[in-house]
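Protein sequences, first through last, are from chains A and B.
Every letter in the first sequence is one number past the one before it in our numbering, and letter 386, counting from 1, is 386.
Every letter in the second sequence is one number past the one before it in our numbering, and letter 75, counting from 1, is 75.
Everything labelled a hint here was simulated from the structure, so no lab data went into it.
Misleading hints may appear alongside valid ones.
A short, non-exhaustive set of chain A residues, derived as facing chain B with CB atoms under 10 Å [said to hold, decoys possible]:
id, residue
1, Val-130
2, Glu-133
3, Ser-136
4, Ile-137
5, Tyr-140
6, Glu-148
7, Glu-150
8, Leu-152
9, Ser-162
10, Val-164
11, Ser-166
12, Phe-168
13, Tyr-177
Even glycine gets a Cβ: it sits at the ideal position worked out from N, Cα and C.
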Amino acid sequence: MNHILPLFVAVPLGTAFIILILAKVWRKAGVPFALLTSICLVIFSVSVIGQASIYRMGNWPPPWGIVLVLDGLSTLLLLTISVISFFALLFSIRYMDRYTAKPKFYALFMLLVAGMNGVVLSGDFFNLFVFLEIASIASYALVAFGCEEEELEASFKYLILSGVASTFILLGIAILYSLTGTLNMADVARTIGNMPANNAVLFAISMFLMGFGLKAALVPFHPWLPDAHPAAPAPISAMLSGVLIKALGMYVLIRLIFNVFGLSPFLSSVLMILGGLSMVVGGLLAIGQDDLKRLLAYSSISQIGYVAVGLALGTPLGIMGGLFHLINHATFKSLLFLSAGAIEYSTDTRKLSKMGGLSNRLPVTTTSAAIGFLSISGIPPLNGFWSKLIIIIALVQAGHYILASVAVLVSFLTILYFMRVQRHLFFGDLPAKLAKITEVPYLMRVSLVLLAIMCLAMGLLYPFLSGTILDPARDVILEGTAYVHRVFGV
Amino acid sequence: MIVYLLCSFLFVLGLYCLVAKKNIIKKIIGIITMEYSVNLFLVLVGYRARGIAPILSKGADKAEFIAKSVDPLPQALVLTAIVIGLGTIALMVAICIRLYERYGTFDMTEIRRLRG
Numbered sequence: 001m002n003h004i005l006p007l008f009v010a011v012p013l014g015t016a017f018i019i020l021i022l023a024k025v026w027r028k029a030g031v032p033f034a035l036l037t038s039i040c041l042v043i044f045s046v047s048v049i050g051q052a053s054i055y056r057m058g059n060w061p062p063p064w065g066i067v068l069v070l071d072g073l074s075t076l077l078l079l080t081i082s083v084i085s086f087f088a089l090l091f092s093i094r095y096m097d098r099y100t101a102k103p104k105f106y107a108l109f110m111l112l113v114a115g116m117n118g119v120v121l122s123g124d125f126f127n128l129f130v131f132l133e134i135a136s137i138a139s140y141a142l143v144a145f146g147c148e149e150e151e152l153e154a155s156f157k158y159l160i161l162s163g164v165a166s167t168f169i170l171l172g173i174a175i176l177y178s179l180t181g182t183l184n185m186a187d188v189a190r191t192i193g194n195m196p197a198n199n200a201v202l203f204a205i206s207m208f209l210m211g212f213g214l215k216a217a218l219v220p221f222h223p224w225l226p227d228a229h230p231a232a233p234a235p236i237s238a239m240l241s242g243v244l245i246k247a248l249g250m251y252v253l254i255r256l257i258f259n260v261f262g263l264s265p266f267l268s269s270v271l272m273i274l275g276g277l278s279m280v281v282g283g284l285l286a287i288g289q290d291d292l293k294r295l296l297a298y299s300s301i302s303q304i305g306y307v308a309v310g311l312a313l314g315t316p317l318g319i320m321g322g323l324f325h326l327i328n329h330a331t332f333k334s335l336l337f338l339s340a341g342a343i344e345y346s347t348d349t350r351k352l353s354k355m356g357g358l359s360n361r362l363p364v365t366t367t368s369a370a371i372g373f374l375s376i377s378g379i380p381p382l383n384g385f386w387s388k389l390i391i392i393i394a395l396v397q398a399g400h401y402i403l404a405s406v407a408v409l410v411s412f413l414t415i416l417y418f419m420r421v422q423r424h425l426f427f428g429d430l431p432a433k434l435a436k437i438t439e440v441p442y443l444m445r446v447s448l449v450l451l452a453i454m455c456l457a458m459g460l461l462y463p464f465l466s467g468t469i470l471d472p473a474r475d476v477i478l479e480g481t482a483y484v485h486r487v488f489g490v
Numbered sequence: 001m002i003v004y005l006l007c008s009f010l011f012v013l014g015l016y017c018l019v020a021k022k023n024i025i026k027k028i029i030g031i032i033t034m035e036y037s038v039n040l041f042l043v044l045v046g047y048r049a050r051g052i053a054p055i056l057s058k059g060a061d062k063a064e065f066i067a068k069s070v071d072p073l074p075q076a077l078v079l080t081a082i083v084i085g086l087g088t089i090a091l092m093v094a095i096c097i098r099l100y101e102r103y104g105t106f107d108m109t110e111i112r113r114l115r116g
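Only chain A is shown next, with the shape it has when bound in the complex (with noise of 0.2 Å):
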């Protein structure tokens, strides 16, 4: 028992209601309490590095209570998500003064947090989607934030899809359930595993296959996230290409393909074609665009291709380097995003075509964008090289050659964008209209360039990271369906 976990969830929850119920008489209650939540989430899920333990709500055994558990993969999940929330809660201080009704949006983003936490910890199939409908909630509100007619239009479009795959999801669970008679995934799992092969199970798979994969915004359903990311405020589509298609796409499929289902090489090849697709879609498509944050959202698209085809390998390499990528994209995919926003916040466009010399007037942003721009296209010692280097040599390792060469030439694609962005923000002369813009505020740039750090550090310190974080994540995936002793605790 640690009694820590079910904190990870309630905090936050309790921070939502006080910050809303505060601000009727104190109007700035949000900052200092979302803040404090947040640096309280990072200290929890640092002090949980290591450990391996289950949490039994009102002292219920497995099979029957509801169980929180957490493993490797769990605690990997949990320090991404409050590190990146910290950072892009920091940026929202001064980012937010253009928008009102700022305690509700530091609640929604409490919220948001507290249900990506319950995804990660949860042990049971009902929970799981209990807390994936609050997380999903409140992503749907803070991307219609800004109340103008793309931020609703991309919202709409946003919980439309997303409506029909949390229907398809809890149809799954609803076919599961009749079959197994039972919610608790490890007992799922034992149950499963003791009957005859079943295409009752293989329907509930596919199920949440076309519902965790349009969370996860894997290629056939995708057409949600390059609407709905860019319409959001900066620090939020930071945390949703960031974070929120990890814990509740990525993350979910994973556990539920390895350690509820067993990895079979059907599942197996039908995740890699899915991974491969949306590398090569997401890449072609974000050549094109204008609109930055657009072009970055595409550009998710493309590298959480990267991390289904890793994970999908199944062999301990690939598992690591989709881990490592994960983290990785975690990490640069927020700095891009937070750069854009400060970009935005003072040009006020988005339009690559009207930027130009920027890095004059905005060093600091455009030199830790700079670093974002370098780590997603691969180049050494910065972190996305590493991870694109394990998938590919695992790639390689496993015979999928094919797949091997779509990936370097993925990541040629990657670069080439990325240069025309650099292009536009760099080089070129400064348009007349922003002669007079200036660096964005202190808080803002604080965040950019620890992020900036982050991508460097982690690129550099990777025999340190795959010893406290990363092999316990893999060796849960590897252990597969043991997963069930662990809850039972056997």
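Given chain A, put chain B in place with the hints provided.
Coordinates of chain B only, in the frame set by chain A:
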């Protein structure tokens, strides 16, 4: 068996309504239909003809209780799912109202500022 077929028909009907209709209010109705067909399916999973409420009273025969009582878990799940659905639908309708204020139409084909 026929009940399950009708239930899946309801699901497909909702999906059709969501895909084929242009009016965003009708799309919302499609989503609601889909959600409710899944809820119905969950209730059907725990249903038992002439079942009794799953409350064990004092002195009741345990064997008879086990043979007759319905499964209470799906009902609890459906209750939660309905509440979540309510939250989502409230948000959808709120966004619809804002969309109408901005665009002056409920037609999805005219609400197309984002593309590419």
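Hints not upheld, ascending by number: none
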